[in-house]
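K.L.:
Read off the chains here:
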Amino acid sequence: MIDYLQTHAITIMMVVVLMLAAISAMVLIGALYSRWILNVTKRNRGRKKEKLSECVIQFISGDIEVDEVQQIIHVEEDYRILLEIINDLSSKIDGPEKERIADLLEMEPIKNYYTSRFYSKNRLEQAKACLYFARQKSFHYSFLPKVLEYTAVDYPMLSYAAAMAVIVHGNEDQKRKALKNQLLNEDLSDQAINDLFVEYQNISDGELKEEVDIIMGFLKENSYSPARTALLIKTLGELNYHESAEFLVQKFLSIPAEQEYPDVPRTLINYMPVFATSENEEEILNRIHTDYSVSTFSSVREACAKAMGMFMKDVSKPILMWMLYDKDFYVRFYAAKSLVQFPGVELSSIKPEDMEDKMWNELVGEVEMANEQIY
Amino acid sequence: MDLFLKILLYINVFVFIYFVFVNVSYITLLYFSYVQTKRSRKESKIFRLSGLFDSRLYKSISILAPAYNEEESIIESTRALLNLEFTDYEVIVVNDGSKDETLAKLIDNFKLKKIDRYIPNELNCEPIKAVYGSRHYPNLFVVDKENGRKADALNAGINVSRKDLICAVDSDTLLEPTVLQQMLMAFVANPNTVAVGGVVRVANGCTFNLGEVQKVNTPKTHIARIQAVEYLRSFLFGRTGWDYFDSLLIISGAFGVFDRESVIKVGGYLHDTVGEDMELVVRLHRYYRDRDEKYRIRFLPEPVCWTEVPESWSVLGRQRNRWQRGLADTLWRHRKMMLNPKYGSLGMLAMPFFLMVELLSPIIELSGYVLLAVSLYLGAINVQFALLFFTAAVLLGMILSVLSVMLEELTFRRYDRMRDVLILILYAFLENFGYRQIHAWWRLKGLIDFLKGNKSWGEMTRSKGTFSS
Numbered sequence: 001m002i003d004y005l006q007t008h009a010i011t012i013m014m015v016v017v018l019m020l021a022a023i024s025a026m027v028l029i030g031a032l033y034s035r036w037i038l039n040v041t042k043r044n045r046g047r048k049k050e051k052l053s054e055c056v057i058q059f060i061s062g063d064i065e066v067d068e069v070q071q072i073i074h075v076e077e078d079y080r081i082l083l084e085i086i087n088d089l090s091s092k093i094d095g096p097e098k099e100r101i102a103d104l105l106e107m108e109p110i111k112n113y114y115t116s117r118f119y120s121k122n123r124l125e126q127a128k129a130c131l132y133f134a135r136q137k138s139f140h141y142s143f144l145p146k147v148l149e150y151t152a153v154d155y156p157m158l159s160y161a162a163a164m165a166v167i168v169h170g171n172e173d174q175k176r177k178a179l180k181n182q183l184l185n186e187d188l189s190d191q192a193i194n195d196l197f198v199e200y201q202n203i204s205d206g207e208l209k210e211e212v213d214i215i216m217g218f219l220k221e222n223s224y225s226p227a228r229t230a231l232l233i234k235t236l237g238e239l240n241y242h243e244s245a246e247f248l249v250q251k252f253l254s255i256p257a258e259q260e261y262p263d264v265p266r267t268l269i270n271y272m273p274v275f276a277t278s279e280n281e282e283e284i285l286n287r288i289h290t291d292y293s294v295s296t297f298s299s300v301r302e303a304c305a306k307a308m309g310m311f312m313k314d315v316s317k318p319i320l321m322w323m324l325y326d327k328d329f330y331v332r333f334y335a336a337k338s339l340v341q342f343p344g345v346e347l348s349s350i351k352p353e354d355m356e357d358k359m360w361n362e363l364v365g366e367v368e369m370a371n372e373q374i375y
Numbered sequence: 001m002d003l004f005l006k007i008l009l010y011i012n013v014f015v016f017i018y019f020v021f022v023n024v025s026y027i028t029l030l031y032f033s034y035v036q037t038k039r040s041r042k043e044s045k046i047f048r049l050s051g052l053f054d055s056r057l058y059k060s061i062s063i064l065a066p067a068y069n070e071e072e073s074i075i076e077s078t079r080a081l082l083n084l085e086f087t088d089y090e091v092i093v094v095n096d097g098s099k100d101e102t103l104a105k106l107i108d109n110f111k112l113k114k115i116d117r118y119i120p121n122e123l124n125c126e127p128i129k130a131v132y133g134s135r136h137y138p139n140l141f142v143v144d145k146e147n148g149r150k151a152d153a154l155n156a157g158i159n160v161s162r163k164d165l166i167c168a169v170d171s172d173t174l175l176e177p178t179v180l181q182q183m184l185m186a187f188v189a190n191p192n193t194v195a196v197g198g199v200v201r202v203a204n205g206c207t208f209n210l211g212e213v214q215k216v217n218t219p220k221t222h223i224a225r226i227q228a229v230e231y232l233r234s235f236l237f238g239r240t241g242w243d244y245f246d247s248l249l250i251i252s253g254a255f256g257v258f259d260r261e262s263v264i265k266v267g268g269y270l271h272d273t274v275g276e277d278m279e280l281v282v283r284l285h286r287y288y289r290d291r292d293e294k295y296r297i298r299f300l301p302e303p304v305c306w307t308e309v310p311e312s313w314s315v316l317g318r319q320r321n322r323w324q325r326g327l328a329d330t331l332w333r334h335r336k337m338m339l340n341p342k343y344g345s346l347g348m349l350a351m352p353f354f355l356m357v358e359l360l361s362p363i364i365e366l367s368g369y370v371l372l373a374v375s376l377y378l379g380a381i382n383v384q385f386a387l388l389f390f391t392a393a394v395l396l397g398m399i400l401s402v403l404s405v406m407l408e409e410l411t412f413r414r415y416d417r418m419r420d421v422l423i424l425i426l427y428a429f430l431e432n433f434g435y436r437q438i439h440a441w442w443r444l445k446g447l448i449d450f451l452k453g454n455k456s457w458g459e460m461t462r463s464k465g466t467f468s469s
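Top line first, the protein sequences correspond to chains H and A.
If you're matching positions, the first sequence starts at 1 in the working numbering and goes up one per residue.
If you're matching positions, the second sequence starts at 1 in the working numbering and goes up one per residue.
So here's chain H without its partners, still in its complex pose (with noise of 0.2 Å):
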């Protein structure tokens, strides 16, 4: 073998060469036409798009029907340009242009398209089928056990966009159902799940009592993890729905004193100065006072600084005094932020007398500009 190597080495180098010249001047030509080939496809697809959202301006208008649409429709290509022009528009337009340029999504072809693509094998093209379902009118409810069974797995591309679909489509029990599997996903960030809370609100015209219910089911559950509780909780506050308010105190007020995380408390902590009443007020203080301002979490000692100022109650001044004190600068400088809240409290007064002049006037430089509001 090596010899035969060394004594046909050129022949066969020459023929590597060649093979390179052929393929370097394949590539070459390659390149060259596929920019021709797609200047020319992008002139006639800019002319296609033109007509087309001509098209679509006058559908929206209520000047055409879907039929005289689908009349300059010919190739798969054109249906590609209708749907970006459909979900450009969309996310620019909103009321019943929205709504009505959501039946151009009911094209046959398009439904097609998607439906194939929801019976792929790939779970990204069955992804991009669920959204598309999130995004019908008419749905094909056949599909929904399929999609519903979708919301549960790993992959969280697909449970996340299969949960859009059902939360748009399915009753109750199921949004609760695909809303619960992709809080147990662990695999989906917050930041997800906070985007299946927007859109079940998007769907209920605003109305926050549904919402509010759902989530303080899955509060009641207690079978998350601390941080998914957190988010819960977070998701709930922000919310600032009234029914909700007795049922975050009385969270707050049941949860042990010992957490193995801070998340919970910390969240709940930061919501109590909004929804406490004057009956429970005097309680939750109480709370924060003896089993919150000495957690062994920074955190949580920082929420309870803030919220203590919030509440402004003169039996809380001596425990922000004490908190000056705080080995963590957040909560040093929270508890002395709260202070200053406090009629006649003057951060000149407060200062602990064993704090190094650096020290302090870090923290009162960050009070001033909090106060000023420069952040």
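The reader is advised that the hints may include incorrect statements.
Claimed, not checked - Some chain H residues judged to face chain A by a derived CB distance under 10 Å, without partners named:
#  : residue
1  : Val17
2  : Leu124
3  : Ala152
4  : Val153
5  : Pro156
6  : Leu158
7  : Val198
8  : Glu199
9  : Ser223
10 : Tyr224
11 : Pro226
12 : Asn371
Honestly, the hints are just simulated from the structure, not real lab data.
None of the values given here were measured: they were computed from a predicted structure.
Ideal placement from N, C-alpha and C gives every residue a C-beta, glycine not left out.
Using the hints, position chain A against chain H.
P.N.:
For chain A alone, coordinates are given in the frame of chain H:
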């Protein structure tokens, strides 16, 4: 003499085998990068970030822009950073002891005033002299510190930052407006993501207006055109390909987003290296793999930032010398990972590749040229064979470069005109004559400098106002 000729022959055979190995690796990488690019593009359309501008439940970002003697471009680049389309972010410009008017210009233009901001000492850095803030730009902070080089400035920026993610950028780069949203997608798609890199493209020759790219053109100078081809090759098929194998070793210092806590956990940027960007990424890999913790380091081919590349041979030479030293330093520091199955494809595939193909290639390539000449002179190899081999090398190099240009054509198509594509193809061919050899020489020198313990940064000069309208 016979023995010498025999040794020469064996060395030539080794060079030949090496050549085949390198090119097969590149072709494989190119194939997987194509697959990965397609996949990434599809994935990027799944998550919606529907509540991004309404709620504070998404991750926030601190942009860190170290600046050293950047008076010419600092105002424009800072303004561009302040105009990004993102809801919760802050811009922290770190003036790393500039000797020019960088700080004064910033203070004057953005009406900055000194503020007392608490700076936790989470990462070591040179003393911070002052932090400036502005009522007019509430999300802009300027840190004035003693000079300590880029890694030190970034560590100072991390200490000052208060957001979930940090985005390290060079002050001579320009981010596209939606880039942070695109980068955030990686953190939305996978909660275990700790770092994401994006594409860096050559800004020279392009037209910019109000911090946005208006027209993408190929650069005007030969040296920048060659670099445009290099950047396409490096980002579109190098890094994307490694992302496929979940073994990305480099996130460019010019543009990368990191989970702040993770960076602090591993100790931040290393001071005594000139390859701090690569070193940090490898350290993150090592940290998580050592602890068997779930993590992901990604490269996304869609988010783009534009950077000004050197247009002088001496500056480019210094830059490549530094990159080579950085690579050598990182591979040496983390040699434990090399061919260690514990680190999976990273230890078994990516690190050996970087050692053999990226680090040692200048030695092998340049020795190849010398030995070829000696062998020809002594008649150890056939002239015809040598010429054919050289032709094959040039052709293969060109095919790979043209394919990366084609990959750009088939996917992102930033270069709009046929003329630009022709220029890129031409330079993919021309770089093999002269530039490739000089480049190998710079890298060899970098390797020698590394062995000598040289850790200097080398002076970089910027052209004036690449991003001006």
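K.L.:
If a hint holds in the structure, say so; if it does not, say that too.
P.N.:
To see whether the hints hold, each was checked on the structure:
| no. | hint | in the structure |
| --- | --- | --- |
| 1 | Val17 | holds (5 Å) |
| 2 | Leu124 | holds (5 Å) |
| 3 | Ala152 | violated (17 Å) |
| 4 | Val153 | violated (14 Å) |
| 5 | Pro156 | holds (7 Å) |
| 6 | Leu158 | holds (9 Å) |
| 7 | Val198 | holds (4 Å) |
| 8 | Glu199 | holds (6 Å) |
| 9 | Ser223 | violated (19 Å) |
| 10 | Tyr224 | violated (14 Å) |
| 11 | Pro226 | violated (14 Å) |
| 12 | Asn371 | violated (13 Å) |
Of the numbered hints listed earlier, those contradicted by the structure are 3, 4, 9, 10, 11 and 12.
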